[in-house]
Amino acid sequence: MAKISDHIFPIFKLTGNNIRRHPVINLISITIISIAMLMLALYFLAYINADRAVSGWRTDLKIAVYLEDDLGAEKLKLLKNFCLELKEVIRLEFVSKDMALQRFKVTLGENSNFLSDLPENPLPASFELLLDDAVAEVADVERLARQLQRQVGVDEVIYGSYWLRQLFSLLKMVKYFGFIFATFLSAVTVFIVASTIRLSLFARRETIKVLYLVGATRWFIALPYLLEGVFQGAVATSFALGLSYAGFSYIRFWLMAQVPQWSMAPQLEFFGFAPLLFFLLLGTLLGVAGFFLSSRWLRNSP
Amino acid sequence: MIRVSHLNKSYNHPDMILKDVSFKVGKGEFVYLSGPSGAGKTTLFRLLFADIKPEGGQIVIDGLDLVRASPAELAGLRRRMGVVFQDYKLIPNYTVFDNIALALEVSGVPRQHIQKRVWHALKVVGIERQIDRLPVQLSGGEQQRVAIARALVNNPRIILADEPTGNLDYEIAEEIMRILHFINSQGTTIVMVTHNRALLQRFKRKVFYLDHGSLQAYVWPD
Chain A
3 MAKISDHIFP IFKLTGNNIR RHPVINLISI TIISIAMLML ALYFLAYINA
53 DRAVSGWRTD LKIAVYLEDD LGAEKLKLLK NFCLELKEVI RLEFVSKDMA
103 LQRFKVTLGE NSNFLSDLPE NPLPASFELL LDDAVAEVAD VERLARQLQR
153 QVGVDEVIYG SYWLRQLFSL LKMVKYFGFI FATFLSAVTV FIVASTIRLS
203 LFARRETIKV LYLVGATRWF IALPYLLEGV FQGAVATSFA LGLSYAGFSY
253 IRFWLMAQVP QWSMAPQLEF FGFAPLLFFL LLGTLLGVAG FFLSSRWLRN
303 SP
Chain B
1355 MIRVSHLNKS YNHPDMILKD VSFKVGKGEF VYLSGPSGAG KTTLFRLLFA
1405 DIKPEGGQIV IDGLDLVRAS PAELAGLRRR MGVVFQDYKL IPNYTVFDNI
1455 ALALEVSGVP RQHIQKRVWH ALKVVGIERQ IDRLPVQLSG GEQQRVAIAR
1505 ALVNNPRIIL ADEPTGNLDY EIAEEIMRIL HFINSQGTTI VMVTHNRALL
1555 QRFKRKVFYL DHGSLQAYVW PD
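Heads up: the sequence lines are chains A and B, in that order. In this note's numbering, each number is its position in the first sequence, counted from 1, plus 2. In this note's numbering, each number is its position in the second sequence, counted from 1, plus 1354.
Keep in mind that the hints were calculated from the coordinates and are not lab data. Even for Gly, the Cβ is constructed at its ideal location relative to N, Cα and C. Be aware that a few hints might be false.
[Said to hold, decoys possible] Some but not every residue of chain B turned toward chain A, in silico, with C-beta under 8 Å:
{"id": "1", "residue": "1432"}
{"id": "2", "residue": "1443"}
{"id": "3", "residue": "1463"}
{"id": "4", "residue": "1480"}
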């Protein structure tokens, strides 16, 4: 009585033979899939880290409300209460003219002597508003700033929107481009795997003919090629992920060495378990898709 | 065992390759398909192992209608049938053992039985000492014996052989014929394509003679 293993073992044996006896075809295929997966991995690695960094800046988003000089205590209190009643504001700090000057002196350091010669303090008092994390979009910040600007006693509202807006829209573009890029690379990879499988089939047409002669079913003949596609996809993706980890570690090390004061370098992170698994599955699926693209021969065989 | 009725094949060409061919082969028979070059012998042979389909007529082998059979049923029939070719059709980078074992692996024969059965098949054809060689290291006659061993390793009910002696000198061809007749004596039905008149004379059996696509007659060699 034949066991399942007696049917499965020959399929794996044929797969092993196919891979071992046609190393050049497999090497070409693995190299090309590796390059495609490496490009994808590096792209998404850059995107994920940039997105993470900017997300941090989003939560640090502050609004500085500069006040008119000689604002009476009454008006100051009214304005403070107005700011605190805004649901987006989670903290308010009053920076008096003296405190502003003091901060400025600290910022200037040794060059701050000239400030002592000024006849009067030119810096305005301000409220620094820390916003809720939920206010992540620049449009919301802009709306809030306009609302504050209309209040009595407010001289100017600063929230650094321009460069943030540019950065956020750039990231959005990078994200969409990433999906187009990933789709294109995936299609190219599937086409390459399909082509190498077709090459393999051509090189092994006599073997396939013999398999038909001895009574092999279509799937018995096809499965080794499907497994070969899976093998190529999995090995190439593992290799690409290994290379991208090496590249990532080098860049992080280089950044820390070259820009020690840049506090972000240690925060750079590689893919977690889930994205790694996703990439492996994607690579394997591309191999499988390549097989199915090349499998017309299977349907047309006698 | 084999029943062919009103078979037509033209490859979509106005001149028919096979015209209304009908014949029967009984269980345990040894028959020759003979005729001049271009008579349609190879086409008929390919039809018999379902490599191609006819445009008309019916082929029933071991109870299976080849025209209507599914690919899985055809694969099943090929596992119950051995096929031998003039050019041996061995896989060049497989050893003799691997070439023969393949027919058993395809059938899901347990691994522990494969070695014994391959050895037995090689013993029948007399080349058990070449088991680890590659086809390229064997003579033509030895390669044909490997092909016959592969055909008989599954204990088939039928063996189809297309000019199995075509590439061999007469002495070796005689040895191959003796092996095929021995296999036939064990109960296996054999259909052999040949145009070698000397062999037909030497090993007399029923002959189906094809000429210009028509089965002329059942003739017995003088």
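Do the hints match the structure? See the list:
1. Taking 8 Å as the C-beta contact cut-off toward chain A, the hint placing residue 1432/B at the interface holds, the least distance being around 4 Å.
2. Look at residue 1443/B: its Cβ gets to within about 5 Å of chain A, closer than 8 Å, so that hint holds up.
3. The interface hint given for residue 1463/B holds, since its Cβ lies 7 Å from the closest Cβ of chain A, which is under the 8 Å cut-off.
4. Because the beta carbon of residue 1480/B sits about 22 Å from the nearest beta carbon in chain A, more than 8 Å, this interface hint is broken.
Hint compliance for this structure: hint 4 alone is broken.
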